[in-house]
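A.B. asks: One letter stands for each residue in the lines below.
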Amino acid sequence: METLDSLPAGASATIIELQGDDAATRRLMELGLLPGEPIELIGRAPFGDPLAVLIRGTRIALRSTDARRIRIRLPPTD
Amino acid sequence: MSAVAPPAARVLKIACVGNPNTGKSTLFNALAGLHARVGNYPGVTVEKKVGRVHWREHTVDLIDLPGTYSISPRSADEMLAVDVLLGRHPDIGPVDAVLCIVDAAHLERNLFLASQILELGVPLVLVLNMWDAAQRQGLTIDVQQLEQRLGVPVVTTEGHRRRGIDDIRAAVLRIVGQSPPPPPAIYPQPFLDESRALADLLNKHAHEAPTYERERLLLDAGGFIEQRYAQHVNGELTQFLGAARNRLAAAGHPIRALEADRRYAWARRMLNGVVIAPAERPPSLTDRIDAVLTHRAAGLLIFTALMFVVFQALYTWAEPLMAACEAAQGIAAEWVAEIVPPGPLQSLLCDGIIGGVGGVLIFLPQIVLLFLFIAILEDCGYMARAAYMMDRVMAPLGLSGKSFLPLMSSFACAVPGIMATRVIDNLRERMVTILIAPLMSCSARLPVYLLLIAAFIPATGYLGGLVSLQGLVLFAMSSLGLIVAIPIAWLLKRFVFTTGESTFVMELPDYKLPSVRVVLYRVYERAVAFVTRAGTLIFATTILVWAAGYFPGDRTELRQIERQIEETTETANPEEPSPELAALYDQHNAINADLMRRSYLGRAGQAIEPVVRPLGWDWRIGVGVLASFPAREVIIATLGTIYSLGGDVNAESTGLQDALKQSRWPDGRPVYNVPVALSLMVFFALCAQCASTLMIIRRETNSWRWPVVCFAYMTALAYVAAFVVYQVGMQFVTETPIT
Numbered sequence: 001m002e003t004l005d006s007l008p009a010g011a012s013a014t015i016i017e018l019q020g021d022d023a024a025t026r027r028l029m030e031l032g033l034l035p036g037e038p039i040e041l042i043g044r045a046p047f048g049d050p051l052a053v054l055i056r057g058t059r060i061a062l063r064s065t066d067a068r069r070i071r072i073r074l075p076p077t078d
Numbered sequence: 079m080s081a082v083a084p085p086a087a088r089v090l091k092i093a094c095v096g097n098p099n100t101g102k103s104t105l106f107n108a109l110a111g112l113h114a115r116v117g118n119y120p121g122v123t124v125e126k127k128v129g130r131v132h133w134r135e136h137t138v139d140l141i142d143l144p145g146t147y148s149i150s151p152r153s154a155d156e157m158l159a160v161d162v163l164l165g166r167h168p169d170i171g172p173v174d175a176v177l178c179i180v181d182a183a184h185l186e187r188n189l190f191l192a193s194q195i196l197e198l199g200v201p202l203v204l205v206l207n208m209w210d211a212a213q214r215q216g217l218t219i220d221v222q223q224l225e226q227r228l229g230v231p232v233v234t235t236e237g238h239r240r241r242g243i244d245d246i247r248a249a250v251l252r253i254v255g256q257s258p259p260p261p262p263a264i265y266p267q268p269f270l271d272e273s274r275a276l277a278d279l280l281n282k283h284a285h286e287a288p289t290y291e292r293e294r295l296l297l298d299a300g301g302f303i304e305q306r307y308a309q310h311v312n313g314e315l316t317q318f319l320g321a322a323r324n325r326l327a328a329a330g331h332p333i334r335a336l337e338a339d340r341r342y343a344w345a346r347r348m349l350n351g352v353v354i355a356p357a358e359r360p361p362s363l364t365d366r367i368d369a370v371l372t373h374r375a376a377g378l379l380i381f382t383a384l385m386f387v388v389f390q391a392l393y394t395w396a397e398p399l400m401a402a403c404e405a406a407q408g409i410a411a412e413w414v415a416e417i418v419p420p421g422p423l424q425s426l427l428c429d430g431i432i433g434g435v436g437g438v439l440i441f442l443p444q445i446v447l448l449f450l451f452i453a454i455l456e457d458c459g460y461m462a463r464a465a466y467m468m469d470r471v472m473a474p475l476g477l478s479g480k481s482f483l484p485l486m487s488s489f490a491c492a493v494p495g496i497m498a499t500r501v502i503d504n505l506r507e508r509m510v511t512i513l514i515a516p517l518m519s520c521s522a523r524l525p526v527y528l529l530l531i532a533a534f535i536p537a538t539g540y541l542g543g544l545v546s547l548q549g550l551v552l553f554a555m556s557s558l559g560l561i562v563a564i565p566i567a568w569l570l571k572r573f574v575f576t577t578g579e580s581t582f583v584m585e586l587p588d589y590k591l592p593s594v595r596v597v598l599y600r601v602y603e604r605a606v607a608f609v610t611r612a613g614t615l616i617f618a619t620t621i622l623v624w625a626a627g628y629f630p631g632d633r634t635e636l637r638q639i640e641r642q643i644e645e646t647t648e649t650a651n652p653e654e655p656s657p658e659l660a661a662l663y664d665q666h667n668a669i670n671a672d673l674m675r676r677s678y679l680g681r682a683g684q685a686i687e688p689v690v691r692p693l694g695w696d697w698r699i700g701v702g703v704l705a706s707f708p709a710r711e712v713i714i715a716t717l718g719t720i721y722s723l724g725g726d727v728n729a730e731s732t733g734l735q736d737a738l739k740q741s742r743w744p745d746g747r748p749v750y751n752v753p754v755a756l757s758l759m760v761f762f763a764l765c766a767q768c769a770s771t772l773m774i775i776r777r778e779t780n781s782w783r784w785p786v787v788c789f790a791y792m793t794a795l796a797y798v799a800a801f802v803v804y805q806v807g808m809q810f811v812t813e814t815p816i817t
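These protein sequence lines map, in sequence, to chains A and B. For the first sequence, the positions run 1 to 78 when the working numbering is used. For the second sequence, the positions run 79 to 817 when the working numbering is used.
Any given hint could turn out to be false.
[Said to hold, decoys possible] Restraint-style ranges between C-beta atoms, simulated for each label pair:
1. 6(A) x 539(B): 52 to 60 Å
2. 37(A) x 325(B): 25 to 33 Å
3. 117(B) x 2(A): 47 to 55 Å
4. 6(A) x 325(B): 34 to 42 Å
5. 386(B) x 76(A): 47 to 55 Å
6. 76(A) x 225(B): 40 to 48 Å
7. 6(A) x 794(B): 45 to 53 Å
8. 169(B) x 76(A): 51 to 59 Å
9. 169(B) x 2(A): 49 to 57 Å
10. 14(A) x 330(B): 17 to 25 Å
11. 76(A) x 325(B): 33 to 41 Å
12. 37(A) x 310(B): 38 to 46 Å
13. 240(B) x 14(A): 39 to 47 Å
FYI, nobody ran anything at the bench for these hints, they're computed from the structure. Glycine residues also receive a C-beta, built at the ideal position from the N, C-alpha and C atoms.
Chain B on its own, in the form it takes in the complex (with noise of 0.2 Å):
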C-alpha cells in the first residue's frame, strides 16, 4: 500500500462537528463504516470515536465530535471538542480538515456553528446533509454561490442513503493542506481591536492564544478558557477582561448578545439569494403528528403506552433471552466439569471463568432490547417528545425531561440505565441521574425479596384478601429506592455537583421514519462497547471473589465423597430413595458449608460479624452479602451453601426457607425474625451490591472516583436504613427462645 503513496506517509485526522439532530452520526458510520473504535478521552466523560479508513493512497483517521450547537466552552467536557479542533488534543494531534455537518433545511441556524468553525483556520469542507428533507420543503439552495461566499467546498449529502460519501471523500482529499478559509468577518473593529490588545496582554505573559480563544475569552465571561489562561496569567487577565468588556458596551457592543446577534446577521448574509424558501411555509406532517402524540391526553395515553412496552421488554422479554444464557451457561460448566479432573482448574474454569463470563452476557439482553428502542424512538424523533412531555415531572427533582427513560429503564437494571444517560447533554444532570439509577429496584433484588417475604412475613390478607402482608412488604421494597432517590437528588444537586443550572432547551426535529441500518448499528455500537469496555471488568472482579471463597481450603474429602456419590448412584436403584445417597449428600453439603465457612470469604464474613450484628445479622448473612458485591442474586446460592443444601438454590426453594427459619444463634435464639428480613430486605433495597453497576459508573463518568462515590453513599444509606428497620423493629418483637 506504502508503495503508491509517497506523500500520505501521515495519517490524515478528519474532525467531524455538526449540531444535533443533522444526521451527523448516520454520516459518520457511513465513512468510517463497522472500524470505528470507541474509548474516552482521558479525564472528561466525552467518549473517543475514531475510525480509520483509506481513502485512495491515503490512510484516513476519522473523529467523531459530540453533535453541539456552539463551541463556547464551559467545562472541560466541551472544551475538548475546542482543543481537538485547533489541534492541540495529545490524543489526536494536529487535524487536517473539519467535516462540518449541517442541516440543508435548517441552514441559517446551522451556519451559527460553522461559522465558529470557520474561525479555526482549519481548512473545511461543508457538508449539507438531508438534502432530500430540504427539497420537500421547496427550498432551493444555489451551493455553487454558497461555495463562494463562504471559500470553503460545499457538498450535498442524504446519510442515510449513503448519497454523496464519494463527494464527501473527494472534497477532502482536495483541501488538505491547503490553506485554511479565509476568516468569515463576524465582529465590528471595536471588538476586534480588544482581541488585538488582548493578544498583546497574553504575549507580555509568554502566551500565545489563537484567534478564535481570544473571541472566547471576551465574550464568555468565567467560561473554562479564562479559568484555564488565569492559571498562568495574574489579575491583570480577568482585569483587562472586564475592561474590555465594559469599554465595548460603551460602544454599543454589549457583550451578552454581541456573538449571536453578529453571528446571525452574518449567517443571514451569506444566506441572502442563496436560500430561497417558499412564500407559505408547506403545512408540515411533523406538526400533525406532534398534534397527537404530544397532545394532553391522547399523548400522555401513548407515551405510557411505550413506555410500558419497553418497560414490559426488559423486564418479561428479556428473561427467555438471559434464561438461555443462563443454561448455556450451566451446559458449558458440565461440558469443562466432564474433560477437566475436579480440581482448583476446574473449579475456576467453571464457577470463576465460565461464571465470570455468564455475568457479563446475562446484561446482553436487556442492553440490546433497550438500546433498540432508545435507537428507534430517537431516529424517528419520538425521544425528544417524551424528554419535552416529561420535563414537568422530572424538573422538581433539578432534572429534565432527559433523565426519564434512563431512570425508568434502571427499574428493570441499573446498567442499560446509566448507559442510556449520554442522551443528557448537562452535565450535572447527568451525574446525579447516573447516581441515583442504582437505587431504582432492578430486577436482580426481586428473588431476595421473595425469598425472605415467603420465609418470614405472614400471609395474611386484608380487605377480604384483596391486599395480601406480603404483597404490601414487597410493594414497599420496591418504591424504596425511588422515594430515597429523591432527598438523595436533592442533596447531591445542593451539595456535591453546585455548578451550573437545570437547564431545558431543546430542539423537536422533524419526524422521520427511522432506518434500519442507524438503529441496528447504533445497538451493536453499545453492546460492544458494554462488553469490551465494562465487560472486562465485571469479570475480574466475579474471578476475585469466586477466589476468595475457593481459597484456601483443602477439598480431598469432598473429593472422595463425591466418588462415593457417583459409585452409589450407579448402582442404586433409580426408583427407589436411597438413604446410603441422601446421607452422602447431606455430608457433602456439610463439607462444602464448612468449606466456605473457612475460606477468606468467610473469614471475612466472620470478622465484619460485629459491624452487621446492630442490623440483627449472623456471620452467615455477612458472607452472603460479602459473596453478592458482583451481582445481588448471588446471596441466594451462597445462603444455600452456607446453610449445606448446595448452591442450586432458588427464591422458591422451601429448604432454603426452612433452613433461615431453623437457623440459630449460638444461644438458641433464631437468626431470622421479621425485623432480622426487613433490615436485610431494606439494606438490599438501597445498597450497590453490583459491581455491574459500578463498573459502568466508572465507565460512563470515566473516572473511578464516581463508583467510589457511589458505593460509598449507598452502602451507608443501606447500612443506616437496615440498622433503624432492625432496631425500631425489635421493640415491637417478644423474643421467645425456642429449644
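Isolated chain A (complex conformation) (with noise of 0.2 Å):
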C-alpha cells in the first residue's frame, strides 16, 4: 500500500486513510487531510524532510513519520 512519503514531488494522489491518533495526526484532519480528498505533494525541504503537500488549495508542511502513516491511493496510469 501506497502512502504519502512515497509520492515523487509533484504527484497527487487520493488521500484513503490517516492511521494514528496522536497530537499530530489530529492537527492534520483539523487542517483536512481527510480520506478522499486529493493531496499533492509539493516537494521536500533541503535536508530530505519535512514534506510540503498542497490540500483544499492550502501548503502544509509535515514530517515523513507522520507522511508514512497516511495511505493514499495513486491515479489510474493510462
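From the two separate chains plus the hints, produce the assembled complex.
C.D. replies: Okay, here's the thing in C-alpha cells:
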C-alpha cells in the first residue's frame, strides 16, 4: 500500500486513511487531510524532511514519519 | 461622553479569534490602534492583549486571542481561549460578541474553526479578511448567500490596507445584545443523543456543561475538559465517556475522525455555490518563489546568508547603539555627580538608578533589531520556510524547526532569543527552548573570556601560527554551551516535560510584501513589553546588588582623598606626571577595595569562599561572581575595584591582567593559574549569571518557577563543570611558589 511519503515531488494522489491518534494526526485532520481528499506533494525540505503538500489549496509542511502513516491511492495510470 | 450613552454604561467585550496567517493581528491593530495593553493571564503562558476603544457611544474592550486552527483544548493554555469565549474567564467576564477572522482565499479550511465558534452560543461576525488575495486568485464569493446560510453578518476586509474596518464596527454593534446564531448542524443524531445523556449525567452531579463542552468531552479522549470535570465527577464520567465512544463507533461514527469529517462536510455544504473557484488553479507566484527559496542548494545558501545578516546585526550592528547607550549613561552619571553632593544619594543615583536604567536600555538595540527581522520575515511568509528547512536539524533534539531562530539569536543575547520563542506553538518545545537558550554563548560572556585568555592562556601557535591556542580556547568556550545544551534538551524532554510529543505540522502561507505598519507595530509592541514587564525587574535587581556592594561603609576617608585629588589636579601641571597625584589615586583605589571587602557583598563573597575553594577561587572571585548576577560582564568592573584599580577597567586592561597575575593566596601561591582561569571561564560559559535572562523567562512563562529552575540547573552545571576542570587541570600543574 502506498503512503504519502513515497509520493514523488509534483505528483498527486487521493487520501485513503490517516493512521494513529496523536497530536500530529489530529492537527492534520483539522487542516483538512481527510479520506477521499486529493493531495499533491509539492516537494521536500533541503535535508529531505519535512515534506510540503498541497491540500484544499493550502500548503502544509509535515514530517516524513507522519506522512508514512497516511495511506494514499495513486490515480490510474493510462 | 456618558450623556449620550444610556444603554452603553457597560464596557462591551469583543473577542477576536482566527486561524494563524489570516492577518488577525493586523486587523486587531487596525481596530485597537496603539491602545492595546499587553499582559498575562494568571497561570498560563498566553499573552493577554486587550485594546480599549470607543465606538460611537460605546466603550469596547477588544480581546485578541492567540491564532489557532481549532479550539479543542489539550492544555491549560489552549483552554484559556475556550474559557474566554464562553464568558467564564474572571479577568474578562461575559463576552458580548466574537469576531471570527478567516482567510477569504481559504474559506473551507477556515470554516472548521468558525463552525466551532458558532456552537459556543455567542453573537458572531464572520470577517473575510485578505479579500484582495481571494480576488487575485479568481475566486467569486457570494457574501449575501453566505450570511443567509450561516445566519451571521459577514464582512469583507483588507486589514493591511485598513479597508472594511468601519464595516466590522457597524456589524458588531448591530448584533450585540441579540440572540446568538443558530448552532450549525454538524453532528449525526446518535452523537446528539449521547451529548444529551451526558448533560443528564452532569446534572445529576450538579454540573451544567454548555453544549460545546459536552461535545469536547465526547470527542477529546483525555482532553483538558475531561481532566477538569473528572476532578469533580467521580469515575462515572470516564466510564460513561468510554462507553459512549464505543456505542458511537458501533453505530458507524468512530470518534477519531468524526469531528474533522463532519465539520468539513458542513463547510462544503455551506460553501457549495457560494464560492466559485476558477477551473484551473492559476500558476502561483508563491510556488515559483518556493522553488528557489526552499531549493536544496539555493534555498540553504539564501537561508545561511539571511541568518548571517541577522546574526551580524545582533552581534555587530547593535554594538554602536549599545555603546551610545553606555555613553549616555556615563554622561548622565557625570551630570548627576555635578549637582548632587557625594554620598549615598549620589551613589544611588549614579551607580544604582542610572546603572539600572542603562542595564535595561542596553538590551533594546538587540531586541529591536531581532524583532525587526522576525517581523519582516514573518509578515512576508519566509519564517515558515525557515522553520520548514531547519526542522530536520532540530528534530534530533526533540525540537522543531521553529526553535532554530530563537536559539540562534541567543548566541547574541538570550533575552531577545527567549522573547522570540513565542512562535513555538508546542508548549513543551517552547519550554525546552527557553530553558536551553541561556546556555548559548552570548556576547556578554565574551569580555570575560577575552580577559582571562589574554592573561593566562599562552599565545602558542600551531600549524605555523595558523591556529593559536588562545583562539582554540575562545572557540571551545563559545561552543561549550551549545554542546551541553544537547544532553540538557534530551533530559528536559525525558524527565521534566514528559507529556505531549514533538510535532511539526505547519502551514506555508502565500508570500506577500511585508507591511511597514505591521512590522513597525510588532517591533514597538515587543520593545514596550520588554521595558515595562521585564525592565522593572531587571532594574530592581541592579539596585539590590548596588546596595549590597555599597552598604555598610564609612566613606568619609574616601571623600577626603577625592577632595585632595581634585585640589591637586587643579594645581598640578597637566604636562608633567605628578607622583603625588598617582599616590593619591592608589590610596583612593585601595580604600575602595577595602570598602568593597567590608560591604555586604564582600562579606558574602568571603562567606562563600569555602564553597568556591574547590573550584580554585578565592573570595575576590567569589565577590566578582556574586556582583555579576545582574549581568555577566559586571565581573570585570568588580574585579577592577577589588584589585584596587578602580571600576573603569575593561577586558583589554593590562593593569587588570597584571593584577590578576600577581594575586596571591595568603601562603604566597598565585591565585590564578591556567586551571583557575579555565574553571572560571567554564563557570561563566554555563552559569545563569544574568538577571535579565531570568526575568524574561519569568515574564514569558508567567511563573517564578522556571527562572528558579533555570538558575538552579545552570548554576549546578556550571559549578560541577568548573570543579572538574580545575581538579583535572591541577593534575597537570606543578606548583612553584613564587615569593
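A.B. asks: Confirm or reject the claim that residue 240(B) and residue 14(A) have a C-beta distance inside 39 to 47 Å.
C.D. replies: holds (42 Å)
A.B. asks: Against the range 40 to 48 Å, how does the distance between the Cβ atoms of residue 76(A) and residue 225(B) compare: consistent or not?
C.D. replies: holds (41 Å)
A.B. asks: Given a hinted range of 17 to 25 Å, is it respected by the beta-carbon distance of residue 14(A) and residue 330(B)?
C.D. replies: Between residue 14(A) and residue 330(B), where Cβ atoms are some 22 Å apart, the hint holds.
A.B. asks: Given a hint of 47 to 55 Å, does the C-beta separation of residue 386(B) and residue 76(A) actually sit inside it?
C.D. replies: holds (49 Å)
A.B. asks: Confirm or reject the claim that residue 37(A) and residue 310(B) have a C-beta distance inside 38 to 46 Å.
C.D. replies: Cβ of residue 37(A) to Cβ of residue 310(B): about 40 Å, so the range 38 to 46 Å holds.
A.B. asks: Given the hint of 33 to 41 Å, is the C-beta distance from residue 76(A) to residue 325(B) inside that range or not?
C.D. replies: holds (39 Å)
A.B. asks: Looking only at beta-carbon atoms, does the pair residue 117(B), residue 2(A) fall within the given range of 47 to 55 Å?
C.D. replies: Given range 47 to 55 Å: holds, Cβ gap about 50 Å.
A.B. asks: The hint says 34 to 42 Å between residue 6(A) and residue 325(B); measuring C-beta to C-beta, is that right?
C.D. replies: For residue 325(B) against residue 6(A), whose Cβ atoms are near 37 Å apart, the range 34 to 42 Å holds.
A.B. asks: Would you say the C-beta atoms of residue 6(A) and residue 539(B) sit inside 52 to 60 Å of each other?
C.D. replies: Given range 52 to 60 Å: holds, Cβ gap about 54 Å.
A.B. asks: Note whether the CB distance of residue 6(A) and residue 794(B) lies within 45 to 53 Å or breaks it.
C.D. replies: At roughly 47 Å between Cβ atoms, residue 794(B) and residue 6(A) fall inside 45 to 53 Å, so the hint holds.
A.B. asks: For residue 169(B) and residue 2(A), compare the CB-CB distance with the range 49 to 57 Å and indicate the outcome.
C.D. replies: holds (51 Å)
A.B. asks: CB of residue 169(B) to CB of residue 76(A), is that within 51 to 59 Å?
C.D. replies: Holds, since residue 169(B) and residue 76(A) (Cβ atoms, about 58 Å apart) stay within the stated range.
Checked against the numbered hints above, the structure breaks none of them.
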